[in-house]
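The lines below spell out each chain.
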Amino acid sequence: MLYREAGQFRATYAEDQQIFPLRQDRIGIAAVLVLAFVVIPLAGNQYWLSAILTPFLIFALAALGLNILTGYAGQLSLGTAAFMAVGAFATYNFVLRVPGIPILAAFALAGICAALVGIAFGLPSLRIKGFYLAVATLAAQFFVLWAIQRIGWITNYSASGVITAQNYSILGIPIETPVSKYVLTLSIVTVLALLAKNLARSETGRAFMAVRDMDVAASVIGIPLMRTKLLAFAISSFYCGVAGALYAYTYLGTVEPEAFNLDLSFRILFMIIIGGVGSVLGSFLGAAFIVLLPIVLNYVVPPISEATGIEISHAIISNLELMVFGGLIIFFLIVEPHGLARLWQIGKEKLRLWPFPH
Amino acid sequence: MKPSKYLAAGVALAAAVLAGGALAQAKEQFIPANGYWVGPYAPGGSGFFGGMLDYFQLLNERDGGINGVKLTWEKCETEYNNARGVECYERLKAKGSTGATVIHPLSTGITYSLLEKAPADKIPLISMGYGRTDAADGRVFPYVFPLITTYWSQNTAKIKFIGMREGGMDKLKGKKIVNLYHDSAYGKETIPVLDAQAKKYGFTVTHIPVPHPGNEQQSQWLQIRQIRPDWVILRGWGVMNPTAIKAAQRVGFPRNKMLGVWWSGAEEDVIPAGDAAKGYIAAGFNLPGTSFPVVQAIMKNVYGKGKGEMEDRSRIGSIYYTRGLVAGIVTAEAIRTAQEKYGKGKPITGEQMRWGIENLNIDEKRLKELGAVGLMQPLKVTCMDHEGGGAVKFLQWDGAKWNVITDWIASDQSIVRPMIEESAAKYAKEKGITPRDCK
Numbered sequence: 081m082l083y084r085e086a087g088q089f090r091a092t093y094a095e096d097q098q099i100f101p102l103r104q105d106r107i108g109i110a111a112v113l114v115l116a117f118v119v120i121p122l123a124g125n126q127y128w129l130s131a132i133l134t135p136f137l138i139f140a141l142a143a144l145g146l147n148i149l150t151g152y153a154g155q156l157s158l159g160t161a162a163f164m165a166v167g168a169f170a171t172y173n174f175v176l177r178v179p180g181i182p183i184l185a186a187f188a189l190a191g192i193c194a195a196l197v198g199i200a201f202g203l204p205s206l207r208i209k210g211f212y213l214a215v216a217t218l219a220a221q222f223f224v225l226w227a228i229q230r231i232g233w234i235t236n237y238s239a240s241g242v243i244t245a246q247n248y249s250i251l252g253i254p255i256e257t258p259v260s261k262y263v264l265t266l267s268i269v270t271v272l273a274l275l276a277k278n279l280a281r282s283e284t285g286r287a288f289m290a291v292r293d294m295d296v297a298a299s300v301i302g303i304p305l306m307r308t309k310l311l312a313f314a315i316s317s318f319y320c321g322v323a324g325a326l327y328a329y330t331y332l333g334t335v336e337p338e339a340f341n342l343d344l345s346f347r348i349l350f351m352i353i354i355g356g357v358g359s360v361l362g363s364f365l366g367a368a369f370i371v372l373l374p375i376v377l378n379y380v381v382p383p384i385s386e387a388t389g390i391e392i393s394h395a396i397i398s399n400l401e402l403m404v405f406g407g408l409i410i411f412f413l414i415v416e417p418h419g420l421a422r423l424w425q426i427g428k429e430k431l432r433l434w435p436f437p438h
Numbered sequence: 365m366k367p368s369k370y371l372a373a374g375v376a377l378a379a380a381v382l383a384g385g386a387l388a389q390a391k392e393q394f395i396p397a398n399g400y401w402v403g404p405y406a407p408g409g410s411g412f413f414g415g416m417l418d419y420f421q422l423l424n425e426r427d428g429g430i431n432g433v434k435l436t437w438e439k440c441e442t443e444y445n446n447a448r449g450v451e452c453y454e455r456l457k458a459k460g461s462t463g464a465t466v467i468h469p470l471s472t473g474i475t476y477s478l479l480e481k482a483p484a485d486k487i488p489l490i491s492m493g494y495g496r497t498d499a500a501d502g503r504v505f506p507y508v509f510p511l512i513t514t515y516w517s518q519n520t521a522k523i524k525f526i527g528m529r530e531g532g533m534d535k536l537k538g539k540k541i542v543n544l545y546h547d548s549a550y551g552k553e554t555i556p557v558l559d560a561q562a563k564k565y566g567f568t569v570t571h572i573p574v575p576h577p578g579n580e581q582q583s584q585w586l587q588i589r590q591i592r593p594d595w596v597i598l599r600g601w602g603v604m605n606p607t608a609i610k611a612a613q614r615v616g617f618p619r620n621k622m623l624g625v626w627w628s629g630a631e632e633d634v635i636p637a638g639d640a641a642k643g644y645i646a647a648g649f650n651l652p653g654t655s656f657p658v659v660q661a662i663m664k665n666v667y668g669k670g671k672g673e674m675e676d677r678s679r680i681g682s683i684y685y686t687r688g689l690v691a692g693i694v695t696a697e698a699i700r701t702a703q704e705k706y707g708k709g710k711p712i713t714g715e716q717m718r719w720g721i722e723n724l725n726i727d728e729k730r731l732k733e734l735g736a737v738g739l740m741q742p743l744k745v746t747c748m749d750h751e752g753g754g755a756v757k758f759l760q761w762d763g764a765k766w767n768v769i770t771d772w773i774a775s776d777q778s779i780v781r782p783m784i785e786e787s788a789a790k791y792a793k794e795k796g797i798t799p800r801d802c803k
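Those sequence lines, one after another, are chains A and B. What the first sequence shows, in this note's numbering, is residues 81 to 438, in sequence order. What the second sequence shows, in this note's numbering, is residues 365 to 803, in sequence order.
Okay, chain A solo, but in the shape it has when bound (with noise of 0.2 Å):
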């Protein structure tokens, strides 16, 4: 009843070509986002903007990234962290070495440097596919950061390898606070996946996505395999080397080489395939189920002992808490193999009908 096309004309060609067709779902987004931008600064307080919602975008971002190379070009990655990484060191070499370069363009060239190491690392997928495309992408991995051990120039010669992110502001505005460090965090968020999103509906998204479904087919319609393919790579790698820039500058300020491990790169391959693969949304939903999940049962587990009266250790409560995500995972695996996005769909399909389904 509420979501209901019925009654909305698209008269003109911008009208039927918005990102947003329906007016509920630009309702709905506008609301989000004055939430995001407005309430929450206001209302959030520092435990929430720097320890909960400043990562949550940082990993929704990277995700996002990893989305458009592995759910929309179909391109399989494990390098996710090592583009992150490149994204990060970049930054701080571009601050430290170029005087009085703005942030955002420090953010901007890092995400460049990690595209052209993407772009580098993606040559192999034009030869191979699938599992054997993702054991190339682990070698950027290994490489990435052996080479930002092993050279000191990068880390400017700190004997443990260690960057500490330096003092910046936007506009003469110190980013300092959690909340400008949250509100700066969630501009450059949002300005990418609208462009994403955008970008799904181009003719780049949908070549991207005629390659991933199927190549050879793809190549023979006139799309050239090895632009779009180094492109998915390029833009991917653009997007994880923001993310990574931002999860050294606004979230924790000192990062280490090895925050950036395979470890990483994994978690963030879940959070597309538990939010859906090939979905804006989807990243989203996937990174806060990740980076969310873990601390919620944090939270839920002691009162739970407490109010049956079961004295749990803390050791079991960790360990419990591992034991339940992962419980989880496969719990909505198995319920829906297409992500969480995909049950939002279905969600807004019934809605669409609902009260009256026939």
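Check before you lean on any hint, since a few could be wrong.
For lysine-lysine, the following DSS-like pairs were computed, each having C-alpha atoms within a straight-line distance of at most 27 Å [claimed, not checked]:
| # | chain 1 | residue 1 | chain 2 | residue 2 |
| --- | --- | --- | --- | --- |
| 1 | A | Lys261 | B | Lys793 |
| 2 | B | Lys486 | A | Lys261 |
| 3 | B | Lys803 | B | Lys793 |
| 4 | A | Lys261 | B | Lys795 |
| 5 | B | Lys459 | A | Lys261 |
One-sided excerpt, in silico: chain B residues whose CB lies under 8 Å from chain A [stated by the list, open to error]:
| # | residue |
| --- | --- |
| 6 | Lys439 |
| 7 | Glu441 |
| 8 | Asn446 |
| 9 | Glu454 |
| 10 | Ala549 |
| 11 | Gly796 |
Derived from the structure by calculation, the hints contain no laboratory data. Every residue gets a Cβ at the ideal spot worked out from N, C-alpha and C, and that includes glycine.
Starting from the known structure of chain A, fit chain B onto it as the hints suggest.
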């Protein structure tokens, strides 16, 4: 809306939340226990926090807290993971009547992640025997305390120990030392200080990295066999340690020429290696054992009442456990010191705690009162020097227990201090920090 508007509103809100919390309670001193009880590093985390919390419990049970202020704590699981460590920090930093008193991250990575957050919130960080070495320069890092010994200090003590074994520092000339390290920020930290000493004493040093987690070391030990070093310094962590000891046995390298850092020198590191570990030597800034009066007091007042942390009582007195005890003692003594300045019997804030740690002075007499003589070395912290001790003892594993084989060996601050100051100055320049004046 302009960003500055959110900013002001957000800050005001955060301040209101903090102030609200401060009014709630009194007479309690809150200390977050952000550690790890699960995962591959759980033996270290559970032992360390077991020791620390048992000591706090002892103070509560026996003395009624510190001058009547009870110590309280809450555990938060970090899984040795930086992101979770930051989340735990943010979650617990405003708890208690005066907020978090002090943080023991027990992870070099988490220490790095909190290096800027904690000073901004005016909460001191104690990274006892880990973390960022150059934080020992208190002028640049007022809120960070790598207490007792840093990696660099300990490394010079190791070279001194090798010199003693070889019959004098001049005998080091022409010797070959291999530095087998965990390929991480932690592992790499001592490379420059070893290089500086190699130049000074004329030995050659080869740095061989072992990728994480370190359960595969065949090629590294093949390389060691080719080099035929006189000594191997093991800078490992977790599963890397027993693997290295077993690999040494396989290639026939004598274990009594292997020297471990203190994160390679706990029971958990040698017992899995079995007989291969006999004769293996490791550094330590705390000694194991249950004969110390403080451990006995814990057995009586804490475990006697069924309030102990350790489920496996045989681990009481192990290296990690007594390291936690040392952390507990240092924390409690710093609270006591701060109370003497800011009011006895009153809970102190993180800022006051910072002063307390910086003016900490645990001498032999105080150690005796605490029942911890021989457990740790005397400790005196100053504004300039956030390390305070610097000496280590060496322990040798005989197949069943650790035996102390040296007295406290002082580190060579003539090498370490200039390097610390140089590195800290570089950090200060990068971050635009004006170092404090310590006079």
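Results for each hint:
1. A:Lys261 with B:Lys793: It holds: about 23 Å lies between the C-alpha atoms, which stays within 27 Å.
2. B:Lys486 with A:Lys261: Given pair B:Lys486, A:Lys261 holds - Cα atoms ~19 Å apart, limit 27 Å.
3. B:Lys803 with B:Lys793: Holds, at about 21 Å.
4. A:Lys261 with B:Lys795: Distance of about 17 Å is within 27 Å: holds.
5. B:Lys459 with A:Lys261: Holds, because 23 Å separates the two Cα atoms, which is no more than 27 Å.
6. Lys439: holds, 5 Å
7. Glu441: It holds, given that the least Cβ distance between B:Glu441 and chain A is near 4 Å, below 8 Å.
8. Asn446: holds, 6 Å
9. Glu454: Hint on B:Glu454: holds, closest Cβ of chain A at ~4 Å, below 8 Å.
10. Ala549: This interface hint holds because 4 Å falls under the 8 Å limit.
11. Gly796: Where the cut-off is 8 Å and the nearest Cβ of chain A is about 6 Å from B:Gly796, the hint holds.
Violated hints: none; the structure is consistent with every hint.
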